[in-house]
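Trainee: Go by the hints and put chain B onto chain A.
The primary structure of each chain is shown beneath.
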Amino acid sequence: MTAAARRHVRVAHLMGTVVSVHVYGTSLPPDLDAAIDGCFDELRELERVFSTFRPDSDVSRYRDGAAALGDLDPRVADVRDACRRAELATGGRFTAWFDGRFDPTGYVKGWAVESTARRWLEPLVARPGVIAAAIDAGGDLQLFTAVDADWTWNIGIADPHDRSRVVATVEVRDGAVATSGTAERGSHILDPATGQPAAAVSSATVIMPSLTEADVWATAAVVAGPDLSWIDTAPISSGMIVAEDGSVRRWVGGIEISPASDSVSGAAV
Amino acid sequence: MKKIIFALLATLSGVVLLFSYRTSLGDAVPLGGHDGGSSSTSTQTRAQAGTQGQAPTQSSSGGTTAGGLADGTYSGSTAQTRYGGVQVVVTVSGGSITSVDVPVVPDANRTDQSISAQAVPMLVDETMSAQSAQIHLISGATYTSQGYVQSLQSALDQASR
Chain A
1 MTAAARRHVR VAHLMGTVVS VHVYGTSLPP DLDAAIDGCF DELRELERVF
51 STFRPDSDVS RYRDGAAALG DLDPRVADVR DACRRAELAT GGRFTAWFDG
101 RFDPTGYVKG WAVESTARRW LEPLVARPGV IAAAIDAGGD LQLFTAVDAD
151 WTWNIGIADP HDRSRVVATV EVRDGAVATS GTAERGSHIL DPATGQPAAA
201 VSSATVIMPS LTEADVWATA AVVAGPDLSW IDTAPISSGM IVAEDGSVRR
251 WVGGIEISPA SDSVSGAAV
Chain B
1001 MKKIIFALLA TLSGVVLLFS YRTSLGDAVP LGGHDGGSSS TSTQTRAQAG
1051 TQGQAPTQSS SGGTTAGGLA DGTYSGSTAQ TRYGGVQVVV TVSGGSITSV
1101 DVPVVPDANR TDQSISAQAV PMLVDETMSA QSAQIHLISG ATYTSQGYVQ
1151 SLQSALDQAS R
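Protein chains in written order, with this note's numbering: chain A, 1 to 269; chain B, 1001 to 1161.
The shape of chain B in the complex, shown without the other chains:
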């Protein structure tokens, strides 16, 4: 098991985005598997797989914005994972990361897995409300019926009934 870190260099702004890649060459332990396993006995080493000499390619130039990131699309080098090579493409628009795509899916049988693999939790700006973001549903720690009455989800359920 090894952890690979590589850097995406936004050359226009000089900002370096660091993505930490945890990868594993070991077997996954699915819940439905026939044998158990524990991650606690695993060892981890840290490898510096990406250096400044391996600057990623950047397409579609753009200006630096208030967010500090130059607009554009950044492709990382291919990282080896237990599912094969994975290459991450980060799109920056308006100074924010708008998408993170994992276009290299080596195993077609992993299609359902890759759907989850590409789900990126995007941090919400402090001023953004649930309504303005057009949020359909809210995931949160278990609420009781009483809590639901006061919850955002309750408001969403009533909003477009």
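The following block holds chain A by itself, in its conformation from the complex:
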């Protein structure tokens, strides 16, 4: 494929997780690190505004009733509205309101990563010599590829029951891959309908053009568990879920590939 391609990787600890930027190219622009710095700096700034752990953050002051929306960073109101829409679109399986308290953390990560990546990284793939660029925020990915590049991102999907293994691979040129689940942090996704942890599905992976949306739907998919009917009404996606017992279901373009085909595949090339 691109034997001469070099990879440039930068890693930062942000938003409670690890964020890495990956750029492939036959030659890399001299201002590449400046662009990556810009991306990381903007994520840090968004973290200051939206951190629910910092009592003085804009989102904490709104949550605690210490400030009105009009007195805060306008992006707080934007995110609140987006969370309302996400809750409606997912039939309430995604929510940013827990016991009446606003906590948009589940939305902000995907949205912040996508928006900063589109500002700082996506333009890179239009530059001479650059083949592809990507951002990885704790296993949620937004991927870009130069239009004429002979390149496809080969993404592994982690085994939620054994982090040293991947259960599947998926090829994506441009788009987002988001995985939610119970793997490392335990059952941290609550079913808004019951208030109980969603446990039927160990992980759900959703592939969509936008990481903001893929992240929301991956969370909703964990809550939905074995009920895959949402793929009919969600924006068209591909993806897979790994159940607690390790069984896998997959869908492509909003269409489930029946489990019957699993018995004859099982090997990726």
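Label pairs and their calculated CB-CB ranges:
#1 A/Asp33 / B/Gln1134: 22 to 32 Å
#2 A/Pro74 / B/Ala1155: 37 to 47 Å
#3 B/Gln1134 / A/Asp37: 26 to 36 Å
#4 A/Arg54 / B/Gln1134: 35 to 45 Å
#5 B/Ala1155 / A/Arg54: 26 to 36 Å
#6 B/Gln1134 / A/Asp78: 33 to 43 Å
#7 A/Ser27 / B/Ala1155: 19 to 29 Å
#8 A/Phe98 / B/Gln1134: 40 to 50 Å
#9 B/Gln1134 / A/Glu244: 26 to 36 Å
Beyond 12 Å from chain B on every Cβ pair, some chain A residues (computed):
#10 Ala34
#11 Arg44
#12 Glu45
#13 Val49
#14 Ser51
#15 Leu69
#16 Asp71
#17 Asp73
#18 Pro74
#19 Gly100
#20 Asp103
#21 Asp150
Chain A residues, not near chain B, derived (Cβ > 12 Å throughout):
#22 Gly38
#23 Thr52
#24 Asp64
#25 Gly65
#26 Gly70
For the record, the hints were derived by calculation from the structure and aren't laboratory data. Just so it is clear, the structure is predicted and the values come from calculations on it, not from any experiment. Just so you know, even glycine gets a beta-carbon here, dropped at the ideal spot from N, CA and C.
Mentor: Chain B in isolation, oriented as in the chain A frame:
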């Protein structure tokens, strides 16, 4: 909303691949949409759109392999979705499904959507490691910084720095 199932018949091996097609004639509910919607009130019916009388075409013959599938390219009949007709082409090589293409994209404005539509999660053989598969990045449920140190992604990040 209806679900269409059609069969792809691999005539050489006699194996029948069943793909279940969930299709919808209803409106999609994008996150950015102005109105909300819930799938919970939808009704589903099941239609048998493909029968053995509608066997798909098969090109490029090949022998049956250990995987149980005859190598070749299998074209499904066109399924109606909310985005128009979609025809799936499955390529089998070495007994495994190597690609699933959706060549009929009725709406050019859906190009970005079709990119995701064609992303097929391929199950990994038990013996395949991340390295041998030349995996660039790994998607997994949120890891903490500590988890990252032990993760496959950490190894990948260091491998070709």
